[in-house]
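For the record, the sequence lines run as chains A and B. Sequence positions in the first sequence follow the UniProt record's numbering and run 1 to 365. Sequence positions in the second sequence follow the UniProt record's numbering and run 1 to 365.
No lab work stands behind these hints, which were simulated from the structure alone. Keep in mind that the hints are not guaranteed to be accurate.
Copies of the same chain look alike in the list, so a pair counts if it works inside one copy or between any two.
No farther apart than 30 Å at their CA atoms in a straight line, the calculated lysine-lysine pairs in the DSSO-like style are these [what the hints assert, rightly or not]: (1) Lys72 x Lys41; (2) Lys335 x Lys50; (3) Lys41 x Lys335; (4) Lys72 x Lys50; (5) Lys71 x Lys335.
Number of protein chains: 2
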Amino acid sequence: MSTNTEIDADARDRLLDLAAEFYDQFAGGEVPSMQIPTRTKSNIEYDDDKDVWVYGDRHSTRSANTVTGAKKLLKAIYVIDFLAQQLDEDRSSTLRELYYLSESWDHETAQFSSQDESNQLIEDLEIVSDVTREDFHMRPEESGATLMGPLHLREQTRRGERDIHCQEDVGEGGYQIPNNPDTIEFLDNDADFILCVETGGMRDRLVENGFDEEHNTIIVHLKGQPARATRRITRRLHDELDLPVVVFTDGDPWSYRIFASVAYGSIKSAHLSEYLATPNARFIGIQPTDIVEYDLPTDPLSDSDVNALENELEDPRFQSEYWVEQIERQLDINKKAEQQALASRGLDFVTETYLPTRLGEMDVL
Amino acid sequence: MSTNTEIDADARDRLLDLAAEFYDQFAGGEVPSMQIPTRTKSNIEYDDDKDVWVYGDRHSTRSANTVTGAKKLLKAIYVIDFLAQQLDEDRSSTLRELYYLSESWDHETAQFSSQDESNQLIEDLEIVSDVTREDFHMRPEESGATLMGPLHLREQTRRGERDIHCQEDVGEGGYQIPNNPDTIEFLDNDADFILCVETGGMRDRLVENGFDEEHNTIIVHLKGQPARATRRITRRLHDELDLPVVVFTDGDPWSYRIFASVAYGSIKSAHLSEYLATPNARFIGIQPTDIVEYDLPTDPLSDSDVNALENELEDPRFQSEYWVEQIERQLDINKKAEQQALASRGLDFVTETYLPTRLGEMDVL
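Model the full assembly from the supplied sequences, consistent with the hints where possible.
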């Protein structure tokens with residue numbers, strides 16, 4: 001692992017390189033411009049070497065040959081200046097703070113008219129400079145997911161190092177994942193696998209039933225659609241500890257997207273797949289077949305559920321035999337179930353029967 | 001503090017007393033019934049002794065003399081049976097699990113048709129038995145707020161006691177408040193006051209700037225409308241450590257409701273005011289007067305903002321001179337501002353100028 005100072009200096013250099021490029025374009029008599037990959041479903045493709053989805057060849061160009069384009073590049077330069085200074089001073093800020101901070105900039109044209117605009121610009125800079133937002137020291141507004149399991153880690157905080165065992169040194173709420181999990185070093189662990197869980201209710205059930213202790217599991221709470229920090233730490237746990245990752249969600253199309261975002265990343269951030277996605281992550285349930293097999297309490301699919309399932313059938317991330325079969329099955333039975341619906345068989349059914357059975361089928365246990 | 005076992009036994013007894021009452025009504029030839037206070041704005045009143053808002057005298061009656069009423073009482077009896085057993089076994093469950101679990105009950109009429117129905121019944125039982133949901137061992141679906149500050153505490157977990165210092169033993173994410181904060185004992189502290197903060201972005205700014213260290217503050221992240229666990233621990237910090245509580249939110253009517261829920265509780269849970277509300281909590285900002293004084297970036301009030309402000313002018317919880325003046329001022333300037341808008345004056349303005357000035361005005365610093 002590179003030290004934080006090295007990472008900061010590298011991020012700063014890459015940003016300043018971008019600014020230098022604009023300068024050289026000017027000096028060479030060219031109209032300054034910036035090339036950015038098109039971020040749509042039709043422009044993502046599978047990279048076999050890296051095992052992740054990445055952008056294809058299609059690009060759009062931000063050029064100063066229009067007033068709109070010139071304003072965008074001006075804003076980019078102000079943001080680069082701000083980020084370089086932030087890295088220099090080892091400080092950080094949120095996307096929203098950046099938006100407000102622009103009001104203090106001397107050149108009014110450089111100020112943002114909405115937070116969408118500043119968010120978008122930060123994403124563009126991530127893609128063009130190949131530096132992640134975290135390495136720019138940009139924080140999200142809210143993060144807040146937790147870990148619980150047989151893992152001893154060291155977090156580098158602004159107040160010094162903290163050594164924390166994620167069962168013995170935390171309360172029932174678990175260990176709070178920091179905004180930038182690359183400040184964490186894994187010291188040692190007794191874990192056999194990683195279990196990512198969608199809902200807080202189910203996470204609490206697993207912890208109350210001692211599932212992490214009995215099965216040597218690190219339970220990662222996803223809190224719905226997982227934050228970048230949660231996806232990043234999951235990828236690192238998989239890579240660095242060489243542990244299988246399974247994802248446990250509700251049985252509906254929105255939850256399959258949660259699984260897809262852990263495993264494959266999102267279309268809007270395919271430039272980060274290598275950093276955030278865990279391609280070997282596998283879906284444990286709730287599967288449409290479980291709904292039938294365990295006769296779970298269900299709700300009928302709504303129109304928007306059916307639409308979402310049909311979209312998934314066309315999404316490159318769901319083109320495996322497994323997913324096509326599950327999705328078609330669900331359209332067929334026209335039902336969905338929440339993970340907590342397993343409680344209809346008793347509060348221990350999930351930890352004594354459902355998960356051990358599925359983990360056995362998947363050769364994880 | 002009573003031990004957990006004593007609290008459990010007491011909660012169980014009160015529930016069984018309710019069931020016994022139904023039995024006695026039957027045995028005495030009466031139609032069984034249950035009286036519940038009306039939970040509307042017109043039926044809350046200030047209790048001067050306890051310094052909190054409580055329900056007034058208006059009641060509605062659930063009686064078995066109609067089929068609907070009889071079904072409700074049947075469900076109540078099944079839930080009492082389940083809760084008594086849960087307390088006996090020292091287990092816990094979520095509201096959603098209870099809903100699903102009802103599907104396993106032998107008597108189909110006792111099963112819930114929606115989660116609203118089971119949630120409502122638990123609230124009714126809280127009111128009638130005078131036992132909190134937490135003492136029934138019912139957990140919320142999601143909680144997830146955090147503490148950071150000079151506080152050393154002991155949490156009683158199912159896995160034994162955990163002694164945690166909320167600066168030295170936690171990462172940058174802070175200490176995760178458990179679902180039932182009455183499992184916490186405060187050991188010692190160097191705190192001068194409690195600062196409750198609405199947004200994650202601002203919470204992270206205060207922690208990054210070391211505000212908790214410099215001003216001996218316990219920073220409680222509210223995460224928008226605060227969970228019961230967050231309100232409960234705030235109340236306990238105030239009462240047991242004898243510390244002033246200030247609340248820092250955005251400057252809009254929805255955020256004033258967040259303040260009101262910390263200070264006065266919510267209308268729907270006035271039966272819990274004494275347990276969850278901190279009547280001495282004070283609002284630090286963003287005040288409409290701050291918007292003017294610091295020339296903060298603003299948005300115009302929407303129609304629903306104006307409506308909400310006008311409702312607040314009629315809400316008994318906002319009848320003080322201070323609030324009437326602030327709300328009228330805001331309607332007058334027709335603007336609102338977020339707490340992070342302070343970043344337009346620089347990232348340190350909030351910790352170096354805004355908060356110290358306001359805390360001075362309020363005689364907290």
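### Violating hint indices (sorted, rising)
Result: hints 2, 4 break, sorted rising.
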